[in-house]
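Heads up: the sequence lines are chains E and L, in that order. Read in order, the letters of the first sequence correspond to residues 291 to 493 in this note's numbering. Read in order, the letters of the second sequence correspond to residues 291 to 493 in this note's numbering.
To be clear, the hints were calculated from the coordinates, so they are not data collected in a lab. Hints are not guaranteed to be accurate.
Repeated chains share a single entry, so a pair holds when one copy, or any two copies, can fit it.
Computed list of lysine to aspartate or glutamate pairs in DMTMM-like fashion (alpha-carbon distance at most 20 Å, straight line) [what the hints assert, rightly or not]:
| # | residue 1 | residue 2 |
| --- | --- | --- |
| 1 | K353 | D373 |
| 2 | K304 | D391 |
| 3 | K353 | E489 |
| 4 | K304 | E386 |
| 5 | K361 | E322 |
| 6 | K353 | D293 |
| 7 | K304 | D433 |
| 8 | K304 | E492 |
| 9 | K361 | E489 |
| 10 | K304 | D293 |
| 11 | K323 | D417 |
| 12 | K323 | E466 |
| 13 | K361 | D293 |
| 14 | K353 | D433 |
| 15 | K323 | D469 |
| 16 | K361 | D433 |
| 17 | K353 | E294 |
Protein chains: 2
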Amino acid sequence: MTDEATRNDRHRAKMQRIQAARRDMMESRTGEKGLLIVHTGPGKGKSTAAFGMAVRAMGHGMKVGIVQFVKGAMATGERAIFDAFPDLVSFRPMGEGFTWDTQDRARDIATARAAWEEVARLIADPDIALVIADELNIVLRYDYLPLDEVLAVLTARAPMKHVVVTGRNAPPALVEAADLVTEMAAVKHPFRSGIKAQEGIEF
Amino acid sequence: MTDEATRNDRHRAKMQRIQAARRDMMESRTGEKGLLIVHTGPGKGKSTAAFGMAVRAMGHGMKVGIVQFVKGAMATGERAIFDAFPDLVSFRPMGEGFTWDTQDRARDIATARAAWEEVARLIADPDIALVIADELNIVLRYDYLPLDEVLAVLTARAPMKHVVVTGRNAPPALVEAADLVTEMAAVKHPFRSGIKAQEGIEF
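Based on the sequences and whatever the hints tell you, model everything.
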């Protein structure tokens with residue numbers, strides 16, 4: 291046998307072992323449940339991955355509700371696409387801006403409260419399969435909403451309701467309550483080299 | 291002054307300082323360039339965030355080309371949405387399956403080569419603003435493509451061309467060449483509790 295043929299045989303045998311192990315693993319996973327998903331950490335992609343999940347769910351005809359707790363210049367790109375599917379997705383930017391822009395704590399708290407009530411309404415709506423509370427962690431971090439109240443609503447959701455919460459500094463109790471938690475770490479960021487936020491990339 | 295009024299004043303003063311610091315920081319960032327972006331790490335959201343970036347760019351009327359190096363059951367949801375925008379996005383699942391499913395190294399290499407040539411074609415196409423090489427890191431990890439050749443094409447791209455490469459185990463030389471690198475870390479994963487991949491969430 292040639293060296294190449296030997297290598298291919300070894301590869302095939304190894305892949306057969308991996309395939310069998312993966313099949314066993316997949317077969318052991320039979321449960322279904324609505325997931326509480328958290329995207330946190332200082333890196334990019336927390337909201338973007340949540341919006342990507344919205345697109346995935348919409349592609350299956352599942353209805354999605356998105357509430358943004360912090361409205362920046364973000365997501366104008368996504369919004370244009372979501373607007374093409376009004377039956378599948380509601381998209382509500384309910385924040386008024388970053389806390390350093392409003393400079394009004396009482397107003398920020400009232401805004402957070404209104405956004406949270408919309409999230410709670412979406413979670414209670416049996417037609418909505420996936421609820422995204424974008425940047426909820428930020429307002430929790432500032433204590434603009436009582437964490438206990440938020441956790442009570444999240445954990446009392448219907449069995450098949452999926453909820454995604456984004457934002458850096460997820461509270462430990464939320465991580466504890468969640469089914470799936472991903473931390474986005476910034477290995478390298480172009481802002482450090484003087485590159486500005488660019489259309490289609492950052493917003 | 292009441293305690294609450296004092297607290298609000300302190301909040302406002304602090305937020306004014308943060309706002310000024312952020313304005314200085316933003317004004318120092320004036321550069322524009324096509325970014326080489328890498329989503330790596332063992333956590334979720336690498337491909338999902340890349341597809342979310344596709345949606346964002348499409349929302350600005352930018353054209354996007356997506357090539358998948360590993361075709362699994364993934365992204366059927368996204369595909370249904372992308373199919374609604376044929377002028378804005380091309381979506382090519384060129385992989386044949388996981389390496390443990392094909393069990394044929396020579397065929398995997400030929401598949402990787404064909405997918406890479408499609409990526410190189412998209413990068414060379416001046417109409418395409420954003421190219422996503424989904425799971426390219428996987429085939430680089432298996433040495434199915436020469437890393438030098440891949441890096442040469444990526445770094446010689448046109449100045450405003452954005453490229454996103456996904457997949458765990460990004461080669462260090464790719465991280466070195468990239469402008470923006472995010473590592474997705476798995477803090478908690480529901481597979482560990484016997485939950486299977488679910489429609490609208492995993493695929």
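These are the hints, each one checked on the structure:
no.	hint	verdict
1	K353 - D373	both (13 Å within a copy, 18 Å between copies)
2	K304 - D391	between (57 Å within a copy, 11 Å between copies)
3	K353 - E489	between (27 Å within a copy, 13 Å between copies)
4	K304 - E386	between (55 Å within a copy, 18 Å between copies)
5	K361 - E322	neither (33 Å within a copy, 23 Å between copies)
6	K353 - D293	neither (54 Å within a copy, 45 Å between copies)
7	K304 - D433	between (52 Å within a copy, 16 Å between copies)
8	K304 - E492	neither (42 Å within a copy, 26 Å between copies)
9	K361 - E489	within (16 Å within a copy, 29 Å between copies)
10	K304 - D293	within (16 Å within a copy, 69 Å between copies)
11	K323 - D417	within (16 Å within a copy, 42 Å between copies)
12	K323 - E466	within (17 Å within a copy, 40 Å between copies)
13	K361 - D293	neither (60 Å within a copy, 29 Å between copies)
14	K353 - D433	neither (30 Å within a copy, 41 Å between copies)
15	K323 - D469	within (10 Å within a copy, 38 Å between copies)
16	K361 - D433	within (18 Å within a copy, 43 Å between copies)
17	K353 - E294	neither (51 Å within a copy, 41 Å between copies)
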